[in-house]
Every structure is written in structure tokens, then in C-alpha cells.
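Student: Protein sequence lines correspond, in order, to chains X and R.
Mapping to my numbering: the first sequence position 19 is 19, numbers consecutive.
Every number in my numbering is 1000 more than the matching position in the second sequence, counting from 1.
Please note that a few of the clues may not be correct.
With a Cα cut of at most 16 Å, we get these calculated EDC-like pairs of lysine to aspartate or glutamate [stated by the list, open to error]: (1) R:Lys1045 with R:Asp1082; (2) R:Lys1045 with R:Glu1081; (3) R:Lys1045 with X:Asp108; (4) R:Lys1042 with X:Asp108; (5) X:Lys66 with X:Glu48; (6) X:Lys13 with X:Asp91; (7) X:Lys45 with X:Asp94; (8) X:Lys66 with R:Asp1001; (9) R:Lys1042 with X:Asp94; (10) X:Lys66 with X:Asp91; (11) X:Lys45 with R:Asp1001; (12) R:Lys1103 with R:Asp1017.
Read the hints as simulated data drawn from the structure, not as lab findings.
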Amino acid sequence: QVQLQESGPGLVKPSETLSLTCTVSGDSVSGRSFYWSWIRQSPGKGLEWIGHIYYSGDADYNPSLKSRVMMSVDTSRNQFSLTLSFVTAADTADYYCARAVQMGNWFDPWGQGTLVIVSS
Amino acid sequence: DIQMTQSPSSLSASLGDRVTITCRASQTISNYLNWYQQEPGKAPKLLIYAASTLQNGVPSRFSGSGSGTDFTLTISSLHPEDFATYYCQQSYRTPQTFGQGTKVE
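Work out the full structure, taking the sequences as your base and the hints as a guide.
Tutor: Written out as C-alpha cells, the structure is:
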């Protein structure tokens, strides 16, 4: 059974950098059939795809966030990570990691999510 | 970006009712349309992918149809655990985008 678990600070100050890690169990991030994705959900903007990364390190980001986002993958720890710089209150959201099938890009499964609040 | 519009935003239904949710894309997306269910406080769960393929373990009372720009999610007979919010997602073009959700209450 594939499981994903997000971890990271729940509170980030404005203008600082948000950093989250997703630990994968039951599958390998080195697999060639999947993208490893980040999605966020806020009351104001609904569900928003942030981007995804492939085992090779190739990544694709939402253009609306591209200037502030970076993703990485650590195959030795079976993890992948998200950093979002220069955060504002608008970045307050539940952040989810998810596995996406390469041939179709549907998300399954999802991590349980982690709430990140941007506030001083 | 491809805009996804769901209707209705919410609906009131009773146990045993047949429920239909519609999702419309702002441009053609072939069958690159996926449906998710989200219960309060939980992550979304994949129900249907490629417009009409039921994910493993999802009850057969759920079905999806459509192609191009117009898609439908149907629950044939509403069960207590089906009261939730449903989202469509297009995976035809990056950035993948979601509908605003339909709350079944």
C-alpha cells in the first residue's frame, strides 16, 4: 500500500521560505511511471497544482508560482521536497503531496496534508 | 490555463437519490478528466480517471462520462458516506486545474 506523508513547519513568517518534505512508503520515488506532485488548497483559491518532479530531477511548475518554487527529490531517503520563497498570507493553505501517473496525470494517492500558516 | 467549471456548487440530496454533477472545460480536453471525493478534514480521494474509469476499490454506484468539454459524475444511489465535496480535474495540459467543487449535503 502506497502512503505519502508531508512534514515541515506549520508556521512561516511573511517573506520567508516555506519548506516541506514528503516521505513515500510502499513505492519508490525512483520509479519511471510516476510524477511526484505538490498541490495546495485554500478557501480562497480552491485546489491548486503547484508542480511535480520526476525521479531524474526534472520538474514542471505552475507558471503562477514558478518564480518562487523549487522541488527536489532524494532517492536515498525516498523523499521529495518543496520550497516556496517569499511567502505571503496568500500562501496560507493545506499542502498535499501526491503521486501522479505519468500517462494521465491523475493524483493517487495523496498524503494527509499539512496546514501551513503564513503569519508574523 | 484551462478553466474547469462545476455545477451545481452545492446540492441537497437524500439517501438513495441519484445525483449528477457536471464539469465543463473552457477548451477541449479529450478524456483527460478525473474526479475526486473529499470528506471534511481529509485529503481528496481519486474516484474516476480518464473520464470514465473507476479507480480500484471505488463502489460501482459511481460512474463518469463525457468527452471534449462536458463531463458528468453520477452517483446512482446515495449512501451515507457519499455526503462530501466532489472535484473535477483536467490533466490534458499543464498547469493541471481543478473545478471549484460540488458539495453534496
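Student: Now tell me if each hint is right for this structure.
Tutor: Each hint, compared with the structure:
This hinted pair checks out: R:Lys1045 and R:Asp1082 have alpha carbons roughly 12 Å apart, not beyond 16 Å. At roughly 13 Å between alpha-carbon atoms, R:Lys1045 and R:Glu1081 fall within 16 Å of each other, so this suggested pair holds. A threshold of 16 Å between alpha carbons decides the hint, and for R:Lys1045 with X:Asp108 the separation of about 7 Å falls inside it, so the pair holds. This hinted pair checks out: R:Lys1042 and X:Asp108 have alpha carbons roughly 14 Å apart, not beyond 16 Å.
Between X:Lys66 and X:Glu48 the CA atoms are separated by roughly 13 Å; this keeps the pair inside 16 Å, and the hint holds. With a C-alpha separation of about 11 Å, the suggested pair X:Lys13 and X:Asp91 falls inside the 16 Å cut-off, and the hint holds. With a C-alpha separation of about 11 Å, the suggested pair X:Lys45 and X:Asp94 falls inside the 16 Å cut-off, and the hint holds. Between X:Lys66 and R:Asp1001 the alpha-carbon distance is near 14 Å, which keeps this suggested pair within the 16 Å criterion.
Between R:Lys1042 and X:Asp94 the alpha-carbon distance is near 10 Å, which keeps this suggested pair within the 16 Å criterion. With a C-alpha separation of about 14 Å, the suggested pairing of X:Lys66 with X:Asp91 holds against the 16 Å cut-off. Only pairs whose Cα atoms come within 16 Å are accepted, and X:Lys45 paired with R:Asp1001 is accepted, the gap being roughly 14 Å. About 15 Å separates the Cα atoms of R:Lys1103 and R:Asp1017, which keeps this hinted pair within 16 Å; it holds.
Every hint from the earlier list agrees with this structure, and none is contradicted.
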